[in-house]
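*Asks:* Read off the chains here:
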Amino acid sequence: MSTANGTSNAGATLSAVATARAGKYLTFFLAGEEYGLEILKVSEIIGMQSITRVPRTPDFVRGVINLRGKVIPITDLRVKFGMPSDTQDESCIIVVQLREMQMGIVVDRVSEVVALAEAEIADSPEFGAGVQTDLLLGIGKSGDRVKLLLDIDKVLTSQETVQLADTAQAA
Amino acid sequence: MIPVSLNDAVSLLLQLEVTDTGDLVVLRDALIALAFENKVSSSAKPQVARAARLLGTIIDGTSKDAAADFATISEALDTALNSGTASHAAIPAPAATPPAVAAAMPEKKPARAKAPRKSRAKAAVVPVIESARAIPLELPAEIPMAIAATTQPVAAPTVPAPQAETAVRVGESLPGDSDISLLRDFLNEAAEYIAASEVALLTLEANKQDTEAINTVFRAFHTVKGTAAFLGLTHIAEFAHEAESLLMRVRDREFSYGPGCADLSLRSVDMLKTLLGAVEDAMAGDGSLVQPNGYHALILALNGYNPAADAASIALSGSVEETPRAQRAETVVDATIRVRTDRLDRLINMVGELVIAQTMIAGDEYMSNSQQPDLTRKVSHAGKIVRELQELSMSMRMVPLRSTFQKLARVVRDTASKVGKSVQFTTEGEDVEIDRNLVDILADPLVHMVRNAVDHGIEQPDDRDRAGKSRTGSVRLSAYHSSGNVVVDLIDDGGGLHRDRIAAKAVEKGLIETDRGMSDSEVFNLIFAPGFSTAEKVTDISGRGVGLDVVRRNLELIRGRLEISSVPGKGTTFSLRLPLTLAVTDGMLVRVGVERFVIPLTQIQMSFRPEPQMLSTVVGQGEMVMLRGALMPIVRLHKMFSVRGAIENPLAALLVIVGDGSQRSALMVDELLGQQQVVAKPLGDALGRIPGFSGGAILGDGRVGLILDVRETMSLTAPPLKLAS
Numbered sequence: 066m067s068t069a070n071g072t073s074n075a076g077a078t079l080s081a082v083a084t085a086r087a088g089k090y091l092t093f094f095l096a097g098e099e100y101g102l103e104i105l106k107v108s109e110i111i112g113m114q115s116i117t118r119v120p121r122t123p124d125f126v127r128g129v130i131n132l133r134g135k136v137i138p139i140t141d142l143r144v145k146f147g148m149p150s151d152t153q154d155e156s157c158i159i160v161v162q163l164r165e166m167q168m169g170i171v172v173d174r175v176s177e178v179v180a181l182a183e184a185e186i187a188d189s190p191e192f193g194a195g196v197q198t199d200l201l202l203g204i205g206k207s208g209d210r211v212k213l214l215l216d217i218d219k220v221l222t223s224q225e226t227v228q229l230a231d232t233a234q235a236a
Numbered sequence: 009m010i011p012v013s014l015n016d017a018v019s020l021l022l023q024l025e026v027t028d029t030g031d032l033v034v035l036r037d038a039l040i041a042l043a044f045e046n047k048v049s050s051s052a053k054p055q056v057a058r059a060a061r062l063l064g065t066i067i068d069g070t071s072k073d074a075a076a077d078f079a080t081i082s083e084a085l086d087t088a089l090n091s092g093t094a095s096h097a098a099i100p101a102p103a104a105t106p107p108a109v110a111a112a113m114p115e116k117k118p119a120r121a122k123a124p125r126k127s128r129a130k131a132a133v134v135p136v137i138e139s140a141r142a143i144p145l146e147l148p149a150e151i152p153m154a155i156a157a158t159t160q161p162v163a164a165p166t167v168p169a170p171q172a173e174t175a176v177r178v179g180e181s182l183p184g185d186s187d188i189s190l191l192r193d194f195l196n197e198a199a200e201y202i203a204a205s206e207v208a209l210l211t212l213e214a215n216k217q218d219t220e221a222i223n224t225v226f227r228a229f230h231t232v233k234g235t236a237a238f239l240g241l242t243h244i245a246e247f248a249h250e251a252e253s254l255l256m257r258v259r260d261r262e263f264s265y266g267p268g269c270a271d272l273s274l275r276s277v278d279m280l281k282t283l284l285g286a287v288e289d290a291m292a293g294d295g296s297l298v299q300p301n302g303y304h305a306l307i308l309a310l311n312g313y314n315p316a317a318d319a320a321s322i323a324l325s326g327s328v329e330e331t332p333r334a335q336r337a338e339t340v341v342d343a344t345i346r347v348r349t350d351r352l353d354r355l356i357n358m359v360g361e362l363v364i365a366q367t368m369i370a371g372d373e374y375m376s377n378s379q380q381p382d383l384t385r386k387v388s389h390a391g392k393i394v395r396e397l398q399e400l401s402m403s404m405r406m407v408p409l410r411s412t413f414q415k416l417a418r419v420v421r422d423t424a425s426k427v428g429k430s431v432q433f434t435t436e437g438e439d440v441e442i443d444r445n446l447v448d449i450l451a452d453p454l455v456h457m458v459r460n461a462v463d464h465g466i467e468q469p470d471d472r473d474r475a476g477k478s479r480t481g482s483v484r485l486s487a488y489h490s491s492g493n494v495v496v497d498l499i500d501d502g503g504g505l506h507r508d509r510i511a512a513k514a515v516e517k518g519l520i521e522t523d524r525g526m527s528d529s530e531v532f533n534l535i536f537a538p539g540f541s542t543a544e545k546v547t548d549i550s551g552r553g554v555g556l557d558v559v560r561r562n563l564e565l566i567r568g569r570l571e572i573s574s575v576p577g578k579g580t581t582f583s584l585r586l587p588l589t590l591a592v593t594d595g596m597l598v599r600v601g602v603e604r605f606v607i608p609l610t611q612i613q614m615s616f617r618p619e620p621q622m623l624s625t626v627v628g629q630g631e632m633v634m635l636r637g638a639l640m641p642i643v644r645l646h647k648m649f650s651v652r653g654a655i656e657n658p659l660a661a662l663l664v665i666v667g668d669g670s671q672r673s674a675l676m677v678d679e680l681l682g683q684q685q686v687v688a689k690p691l692g693d694a695l696g697r698i699p700g701f702s703g704g705a706i707l708g709d710g711r712v713g714l715i716l717d718v719r720e721t722m723s724l725t726a727p728p729l730k731l732a733s
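Residue numbers (the working numbering), protein chains in the order written: chain A, 66 to 236; chain B, 9 to 733.
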């Protein structure tokens, strides 16, 4: 899986400027829930490797890894979303490209790439205080599954742990 | 359609786009012809010339912002059109049909046949008004011919000479003993200066008050003059001198930078290019130098420049023609290309990764069992290649010190003649290579130090006589490798430093209380202290402070060390010890619990396992260790960085003394894992600055190790903040 998918889709995405959310999403699992992020933001997926912890950083920063000679920070999405950290066999790192910088996120398992039409994406519902829905682009419903589509830029640039845990059930 | 009037040029420009290179070339050449054959009024000429130059930059791709330049060109031509209408009207303008003219073109200059045809096709789109525009029937045949002769897309006016005086062989030739590599360096350097001065001249035209631009051009001519004279290229030196004189008058505000002056300056730049080209040809050929057309004419013009009359007379007085150089393509000066540093860095990164990957394969259990001798051989062969590749990639940033040293020869000469001393300057080890980034930072300190050595180190000839030395002093620069560093020694045989006087001065200035217990080198180093440099220049030592604190600061910047040794009456030796490259840090890998950190080796004074009696607890200041009478705080790294599994008892751990002077701390670590050269890398923008760490390093096993920022770590005595909510 690579950006090749994403780039070939770029034309389609551009033509659908009006429906900005429609497009291809890479989906992955975190504690049994399925999440998605725009495939254009994904630069690669790598297997789990030893992460060097960086002291004096927030908990959700797992540390840094060596990505072919470049040092990039790794965020543990489980911790970021207030779940207990838990590395599994299938855990892997999705490297995302945010403007000029690369960052990695640890997820439980990568699932698939889905194309979602605008009609399949619902606005994220309001949950009241304590739940930050502005980190979601929307909620994708294809087939019988619900996918929380993350605004990955916002997720990774926000400095706090966020509460998204019950969003899927509520939707 | 070939634009033969300003009107045509403007209308052609309107149809063109930045990407129509072929047509842009036609337009550019036509503009040059317009400007230098007095087809436009003198007031319009600079605008036209400027437009031509900008077009040149777009054509050869050096333009920074082609779209903006394009707009500027169109503006310039409009201005020219408005100011030049009077003179333009004087030209008879029968309405000739452009195709007729253009049709004649392909025969005359087959090389460019395509361009005119394309532009003619474009012309078909032009509104009917176009045919009413003035196009003189008698298209001068010289224009296309001259263009064809111009083999290079030179941005500035390469003027066709209507009554071409053929290139003269002046019987001059390259100096017999000339050093080819020196010449190459000179040509490369001069080309850079010329490029810079062209840009500066353009800036100057836009803003006549821009003194920095004048200085840039002035420096360029000045440097070229100096080096050319040094290399024995007298005619280049002569010419550069004339051009420099003109600019000097501008710089000294004798008169303002008028259009004529601008014209002359740019032509001077072109002439310099041609002259340098001639040198290049001579190097490839039989060594005889061809003096370009218009050389004397231009010198005369430069000499006779009259600010009052300015533009009018000059355009006619001479013209520059690029000497055709057939061999140019083959004789590229010193085959170098410029590569973006980030690409280079990436390459070096990747090679570093390759080395790690290769080491991992070679160290694999399967390999060491050696069931497969064939495979083992192949892997070790690949390993050799990888190591060679690594050496090569590291060497790509390296440049020899030669050119740095050569510039200093000039400094010595100038300084010596100014202060009336006779000094012999010798250099050794010019081939020693050093990181390109270091060279730039090193140049300034060296100039200061060499100047100081001549000015203050070497005595006056009479004094030397009395001291029984030869009247000519000697200053020697010598570079060599020593234990992974490059050392540059600056040795003079002058009066030497007087420890007592320096110490007295330092005490007087309040820099030290007493010099007791200080080594000679430590005392001598005081002359680099900022306070010292402001001393009045009375004694033979006080003047030595000029700019020396700058020297020290620059050296600290590149992690260099300076040692001074001196024998009064015999001379002084300054030893600069420099890292080979900035990218690589010598580090000590230490283990704290389950984690590893890198401490820069230069920061470490010593490490030891403490005895019980050395430890004490000072109320309010925490744990301290007493070492040779000095009390230092113990920094428990595991506590500060919340590391699990570390040794808690200081008696079982190791203490690493870091810092210097009164600012020392003992870092508590579990063990020293060994010394390693590491490449420091930022931890990524996303994390920002992490207090206590200067960056990360890829360790031998491919993992990242954090590099400790010792200064910050020492000040981080407070327990770590819990940042996560």
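If you're looking for bench data, these hints aren't it; they were derived computationally from the structure. A portion of the hints provided could be inaccurate.
[As the list claims (entries may be wrong)] Lysine to aspartate or glutamate pairs mimicking DMTMM-like chemistry, simulated, CA-CA at most 25 Å apart:
#1 A/LYS135 with B/GLU262
#2 A/LYS135 with B/GLU521
#3 B/LYS647 with A/ASP124
#4 A/LYS135 with B/GLU438
#5 A/LYS106 with B/ASP594
[Stated by the list, open to error] Computed far set for chain A versus chain B, every beta-carbon distance over 10 Å:
#6 LYS106
#7 ILE110
#8 PRO120
#9 VAL126
#10 GLY128
#11 ASN131
#12 ARG133
#13 LYS135
#14 ASP151
#15 GLU165
#16 ALA182
#17 GLU185
#18 GLY203
#19 ASP209
#20 LYS219
Everything numeric in this text was worked out from a predicted model, so none of it was measured. Note that CB positions come from ideal geometry on N, CA and C, so glycine has one too.
*Asks:* It remains to establish, for every hint, whether it holds in the given structure.
*Replies:* Comparing the hints with the structure gives:
1. A/LYS135 with B/GLU262: Given pair A/LYS135, B/GLU262 is violated - Cα atoms ~56 Å apart, limit 25 Å.
2. A/LYS135 with B/GLU521: violated, 49 Å
3. B/LYS647 with A/ASP124: holds, 17 Å
4. A/LYS135 with B/GLU438: Cα-Cα ~35 Å, so violated.
5. A/LYS106 with B/ASP594: Not OK: A/LYS106 and B/ASP594 at ~37 Å, beyond 25 Å, violated.
6. LYS106: holds, 14 Å
7. ILE110: Holds: least Cβ distance 18 Å, greater than 10 Å.
8. PRO120: Violated, since 4 Å does not exceed 10 Å.
9. VAL126: Check fails; 7 Å does not lie beyond 10 Å.
10. GLY128: Since the minimum Cβ distance to chain B is about 8 Å, A/GLY128 lies within 10 Å and the statement is violated.
11. ASN131: Non-interface label on A/ASN131 violated, nearest chain B Cβ at 5 Å vs cutoff 10 Å.
12. ARG133: Contrary to the label, A/ARG133 does not stay out of reach of chain B, its closest Cβ about 5 Å off (not over 10 Å).
13. LYS135: violated, 7 Å
14. ASP151: holds, 17 Å
15. GLU165: The assertion about A/GLU165 is violated, with a minimum of 7 Å to chain B.
16. ALA182: holds, 32 Å
17. GLU185: holds, 31 Å
18. GLY203: About 25 Å separates A/GLY203 from the closest Cβ of chain B, which puts it past 10 Å; holds.
19. ASP209: With a cut-off of 10 Å, A/ASP209 remains clear of chain B, as the shortest Cβ separation is near 36 Å.
20. LYS219: holds, 13 Å
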